[in-house]
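We have chain L; now place chain R onto it with these hints.
In order, the protein sequences belong to chains L and R. Residue numbering for the first sequence follows the numbering used here, beginning at 1 and increasing consecutively. Residue numbering for the second sequence follows the numbering used here, beginning at 1001 and increasing consecutively.
Just so you know, not all the hints are guaranteed correct.
[Stated by the list, open to error] With a straight-line cut-off of 20 angstroms between C-alpha atoms, the simulated SDA-like cross-links for lysine to any residue are: (1) L:Lys-737 x L:Lys-367; (2) L:Lys-510 x L:Arg-213; (3) L:Lys-496 x R:Glu-1093; (4) R:Lys-1083 x L:Gly-14; (5) L:Lys-496 x R:Arg-1089; (6) L:Lys-97 x L:Ser-113; (7) L:Lys-510 x L:Pro-75; (8) L:Lys-367 x L:Glu-467; (9) R:Lys-1083 x R:Leu-1128; (10) R:Lys-1083 x L:Glu-675; (11) L:Lys-545 x L:Arg-562; (12) L:Lys-737 x L:Glu-722; (13) L:Lys-545 x L:Thr-563; (14) L:Lys-496 x L:Glu-467; (15) L:Lys-496 x R:Ile-1092; (16) L:Lys-6 x R:Ile-1092; (17) L:Lys-496 x R:Leu-1084; (18) L:Lys-496 x L:Gln-9; (19) L:Lys-545 x L:Leu-461; (20) L:Lys-367 x L:Pro-75; (21) L:Lys-496 x L:Ile-4; (22) L:Lys-367 x L:Leu-461; (23) L:Lys-577 x L:Glu-540; (24) R:Lys-1070 x R:Ala-1005; (25) L:Lys-736 x L:Cys-436; (26) R:Lys-1083 x L:Lys-545; (27) L:Lys-6 x R:Lys-1070.
[What the hints assert, rightly or not] Facing chain L, from chain R, some residues (calculated, C-beta under 8 angstroms): (28) His-1013; (29) Val-1017; (30) Glu-1093; (31) Gln-1098; (32) Leu-1107; (33) Thr-1137; (34) Asn-1144; (35) Arg-1147.
Hint data in this document are derived by calculation from the structure and do not stem from the laboratory. Just so you know, even glycine gets a beta-carbon here, dropped at the ideal spot from N, CA and C.
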Amino acid sequence: MTVIGKRLQRLEDGPLVVGQGQYVANLSFAGELHMRVVRSAHAHGELRRVDASAALAMQGVAAVWTSTDIQDVPPIEFRPTRVQGLEPYRQPVLASKHVRYVGEPVAVVFAESSRSAEDAAELVAMEVSPLPPSLDAETSEVEPAVIRKEYGDLEHAFECAHSVVSLELCIGRQSGVPLESRGGLARLNPDSGIVELYGAAKRPHANRDMIARMLNLDPARVQLFEGHVGGGFGVRGELYPEDVLTCLGAIRLGRPIKWIEDRRENLLACNQSRDQRHRVTAAVDKNGFILGLQDEFFHDQGAYVRTHGARVADMTAAMLPGMYRIPAYRAIGHYRLTNKTPAATYRAPGRFEATFVMERTMDAIAKRLKIDPTEVRRRNLIPKEEMPFARPIQVLETDLVLDSGDYAALLEKARHTFGWDSVRRDVEMRRASGECIGMGLALFVEKSGLGPTDLASAQLLEDGTVEVVTGASSLGQGVETVIAQICADAIGVDYKRVRVVHGRTDRIRKGFGSHASRTTVMTGNASHHAAIRLRARILEVVEGKYDLPTEILEIRDGEIVRTDVNVTVTTLTEVAKISRLNAEGEFNSAQMTYPYGAHLALVSVDRETGAVNVLRYFVAYDIGRAINPMLVEGQILGGVAQGIGGALYEEFIYDEAGQPLSVTLADYLMPTAREIPPIQVLISEDSPSPLNPLGIKGAGEAGINAVGAAIASAIDDALGGEVFITRLPVTPVQLKKELDCSRTGSPQANSLAQ
Amino acid sequence: MTRTAFTVNGDRHVIEVEPRCTLADALREQCDKPGTNVGCEHGVCGTCTVLLDGEPVRSCLLLAVQVEGKSIRTVEGLASHGKLHELQRAFIEHHALQCGYCTPGFLMLGAWCVENRPDITDDELRDLVASNLCRCTGYQNIINAIRAVLGTPQ
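Same shape as in the complex, but just chain L:
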């Protein structure tokens, strides 16, 4: 009676459809003060003076702090890393002598209401002597780190090459932009003396430890609580200056502190991502087999090193070779600072960019050698027989070993299900009648299940339900349902009788949260282990009480059944009365697991306006084993929509003074239903992961990973087959400009296919 693999309804939905979501803005404590952050209006400058006297004089204002009030608070840490030299570039909680991006926190106001806090913040005056802003990573002189990954004899590869293909490729600045902005509610619990922060997400335990270190507290005196979270996508739940300020405010002012970010702040101050420029060169033989690949790229980190350190650049460099053999490889990633909002991860960080670069390169090779683009890819694929395939580099400081995969089989499945050949015939017919349409394909490898460890504890409660306490976090993806399905399957109960606890640092001693498509793999396997052990304990109790060997006992739908005579012996509710049973499970992993897939797109281009319309989209994804295919599809559908945003619409633009121009949702254009075509998803389970007992791989980032690559390829196809698209997003303005240039024969600044 397995419930793994079933399309079961989510356990999360009940309160969310009736308006009872516990989002942080919906929480409050009696006597709370409201916090408002005063932010720099300058991209770069010397901060001469901050005058808070007028704000302090306002009625209802409890305190205004500048950097001098929190001199004892260190800058925000980044995750432990072997990359050296990042420390000097960490972000201070409040700027002191310099401001380095528009939106940087300079002062903070605490007041009786959100409105009075906002009014008072308007009165905080700051005197800044502007300095010239640095706005391009390539010309930036501040380079905290260079990420290098290399193996094989690259020079020899280029000496032997039949052809050399080079491209310059850019990906604009984008971010997750969840519909719920950030927020926090902190208090000093009057009974326990513990600092409590509500509104946690993503990495509650890590953030608890960081807050404790920064505020010089015992970690046991700081606890984080997660309610409902209105989307994460990488940006929410990292530790930001505002999180530290709410906790510090609660401690020093002795009252609960509530902070809810507004949308403008969110677009100025929450992590941004992407923004890379690549110069990629491939050495190929006459058949299109890649002998060597070199990529030098410039990663625009913005003004400070944030919690991820250089991880996005690391993932870009490590994941770029994707599904392909590539015997010699070198990536050099320049991780540089500019005067923009600091950057970190956004769904498929480093991979959205890397897949765009790798797949554009594949298309360029196909053009150069006049080989079908699918065929070029096929020739370079790592064959199933070579799995597991160790690429002699590291990613996120783990060995990059592609654990399982049959890439060629997935490619064929994808083309067959999409109906590639018949779509191609249809495209030719429509072109003949004057339409400008094209189709594109992109392949990708994802990474998931980032370790090192996860813990879970399963307990049989008095009413016969099972409570599973995890170190995971729920950002809306369906964690409770998936973990409940895994545990229900292992124990033999209805999944609705399993209650999953997440995002509570007070309930479990360690946890690594939810990010990097890790939760189903790591927390799922830890929970599975705990559930199997709990089942064994339950059966031991029944064995003792009824004198029946456990071999003939089974748990079915909450009843303990004698399988030899098919009779119910007792129920979980009865067992719970006999003994309080619980079990822990742990799962450790030193390596990630690598799902993979293909994206296929059909687009039309309006040559007059430069507008691109996605007509049809298809994703094939091998996930090893899907716990709940409905939720896997949900992840992919949402990811594709974000990817279409990244491919065609979304970009944070800065003017020459470093002023951000994308500060409303009317400037930062996320796709609506009108821009999203019918999306078809094929979930494949050909290659279970050998790295965990359940064989699972992650789902979170498959939908977005290759959208930029596939749509670029489809636009090229529509326009007549040259490698034309070299920059994302492909906005109408830019495409029109390039089309006009190519029509008049002027050289294109940005298209270097040689």
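Coordinates of chain R only, in the frame set by chain L:
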């Protein structure tokens, strides 16, 4: 402070607000209706959509004092006597929500559609759903859920 009175899901509310207080904030803070979430506060995302005298509006773009005497419906008013509205059930069945933050706004759009445009075409429905932003679902399942309640177009 200004006194204003309106009904929310049939109940009369008389509240004292600052003139600058938005309808969204008034509903959340003074009418005990926190289900209306606020996404952008400038009228783009539609997360805060409620029905005002039966028509969908962005409650972040209205001041509370503007709705004096009017009738508001919010997500809290969809279920009745502990029984979910058919749209709420359809959203669950069709996996039309993930984080749930935009869901109340889409439910109110959907409710307007079910009550006023049962004959809506697929293309018109896509345009209607394009009024609001969702960052999780890719919209397909939201459209499927509303369509399931409406039934197949004629």
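Hint-by-hint comparison with the structure:
1. Straight-line distance between C-alpha atoms of L:Lys-737 and L:Lys-367 comes to about 23 angstroms, which puts the hinted pair past the 20 angstroms bound.
2. Of the supplied pair hints, the one linking L:Lys-510 and L:Arg-213 holds, its CA atoms being roughly 16 angstroms apart against a limit of 20 angstroms.
3. Under the criterion of a C-alpha separation no larger than 20 angstroms, the hint pairing L:Lys-496 with R:Glu-1093 is consistent with the structure, at around 15 angstroms.
4. Distance hint between R:Lys-1083 and L:Gly-14 is fulfilled; the C-alpha atoms sit about 11 angstroms from each other, no more than 20 angstroms.
5. Distance hint between L:Lys-496 and R:Arg-1089 is fulfilled; the C-alpha atoms sit about 17 angstroms from each other, no more than 20 angstroms.
6. A C-alpha spacing of about 30 angstroms is found between L:Lys-97 and L:Ser-113, which places the hinted pair above 20 angstroms, so the restraint is violated.
7. Note on L:Lys-510 and L:Pro-75: the hinted pairing is violated, with a Cα-Cα distance of about 24 angstroms set against a maximum of 20 angstroms.
8. Taking the CA atoms of L:Lys-367 and L:Glu-467, the gap is about 57 angstroms. The hint is violated against a cut of 20 angstroms.
9. Our distance criterion of 20 angstroms between C-alpha atoms is broken by R:Lys-1083 and R:Leu-1128, whose separation comes to about 26 angstroms.
10. A C-alpha spacing of about 35 angstroms is found between R:Lys-1083 and L:Glu-675, which places the hinted pair above 20 angstroms, so the restraint is violated.
11. This hinted pair checks out: L:Lys-545 and L:Arg-562 have alpha carbons roughly 14 angstroms apart, not beyond 20 angstroms.
12. In summary, the hint linking L:Lys-737 to L:Glu-722 is supported, as the alpha carbons are separated by about 16 angstroms, within the 20 angstroms threshold.
13. Using a Cα cut-off of 20 angstroms, the hinted pair L:Lys-545 and L:Thr-563 holds, with the two alpha carbons roughly 17 angstroms apart.
14. Note on L:Lys-496 and L:Glu-467: the hinted pairing holds, with a Cα-Cα distance of about 11 angstroms set against a maximum of 20 angstroms.
15. Of the pairs offered as hints, the one joining L:Lys-496 and R:Ile-1092 holds, with about 15 angstroms between alpha carbons and a cut-off of 20 angstroms not exceeded.
16. Between L:Lys-6 and R:Ile-1092 the alpha-carbon distance is near 15 angstroms, which keeps this suggested pair within the 20 angstroms criterion.
17. A threshold of 20 angstroms between alpha carbons decides the hint, and for L:Lys-496 with R:Leu-1084 the separation of about 18 angstroms falls inside it, so the pair holds.
18. Note on L:Lys-496 and L:Gln-9: the hinted pairing holds, with a Cα-Cα distance of about 10 angstroms set against a maximum of 20 angstroms.
19. Distance check on the hinted pair: L:Lys-545 and L:Leu-461 sit about 19 angstroms apart at the alpha-carbon level, within 20 angstroms; holds.
20. For the given pair, L:Lys-367 sits about 50 angstroms from L:Pro-75 by alpha-carbon distance, which is inconsistent with the 20 angstroms threshold.
21. The hinted pair formed by L:Lys-496 and L:Ile-4 meets the criterion: a straight-line CA distance of about 14 angstroms does not exceed 20 angstroms.
22. Between L:Lys-367 and L:Leu-461 the alpha-carbon distance is near 64 angstroms, which puts this suggested pair outside the 20 angstroms criterion.
23. Restraint check: the Cα-Cα separation between L:Lys-577 and L:Glu-540 comes to about 14 angstroms, which is no more than 20 angstroms; the hinted pair holds.
24. Between R:Lys-1070 and R:Ala-1005 the alpha-carbon distance is near 8 angstroms, which keeps this suggested pair within the 20 angstroms criterion.
25. For the proposed pair L:Lys-736 and L:Cys-436, the alpha carbon gap of about 14 angstroms is at most 20 angstroms, so the pair holds.
26. Simply put, R:Lys-1083 and L:Lys-545 have alpha-carbon atoms about 43 angstroms apart, too far for the 20 angstroms limit, and the pair is violated.
27. Distance restraint check for L:Lys-6 and R:Lys-1070: the Cα-Cα separation of roughly 46 angstroms exceeds the 20 angstroms cut-off, and the hinted pair is therefore not satisfied.
28. At about 16 angstroms, the closest approach between the beta carbon of R:His-1013 and any beta carbon in chain L exceeds 8 angstroms, and the interface hint on this residue is violated.
29. A hinted interface residue such as R:Val-1017 counts as satisfied when its beta carbon comes closer than 8 angstroms to some beta carbon of chain L; here the least separation is about 11 angstroms, so the hint is violated.
30. Given hint, R:Glu-1093 at the interface with chain L, holds; its Cβ is 7 angstroms from that chain's nearest Cβ, closer than 8 angstroms.
31. For R:Gln-1098, the interface hint holds, since its Cβ comes within 8 angstroms of a Cβ in chain L; the closest pair sits about 4 angstroms apart.
32. A distance limit of 8 angstroms between C-beta atoms decides the matter here; for R:Leu-1107 the minimum to chain L is near 7 angstroms, and the interface restraint holds.
33. Among the interface hints, the one on R:Thr-1137 holds; its C-beta lies about 5 angstroms from the nearest C-beta in chain L, closer than the 8 angstroms criterion.
34. Interface restraint check for R:Asn-1144: the shortest CB-CB distance to chain L comes to about 11 angstroms, outside 8 angstroms, so the restraint is violated.
35. At a threshold of 8 angstroms, the smallest CB-CB gap from R:Arg-1147 to chain L is about 12 angstroms, leaving the interface hint violated.
In the structure shown, a violation is registered for the earlier hints numbered 1, 6, 7, 8, 9, 10, 20, 22, 26, 27, 28, 29, 34 and 35, in ascending order.
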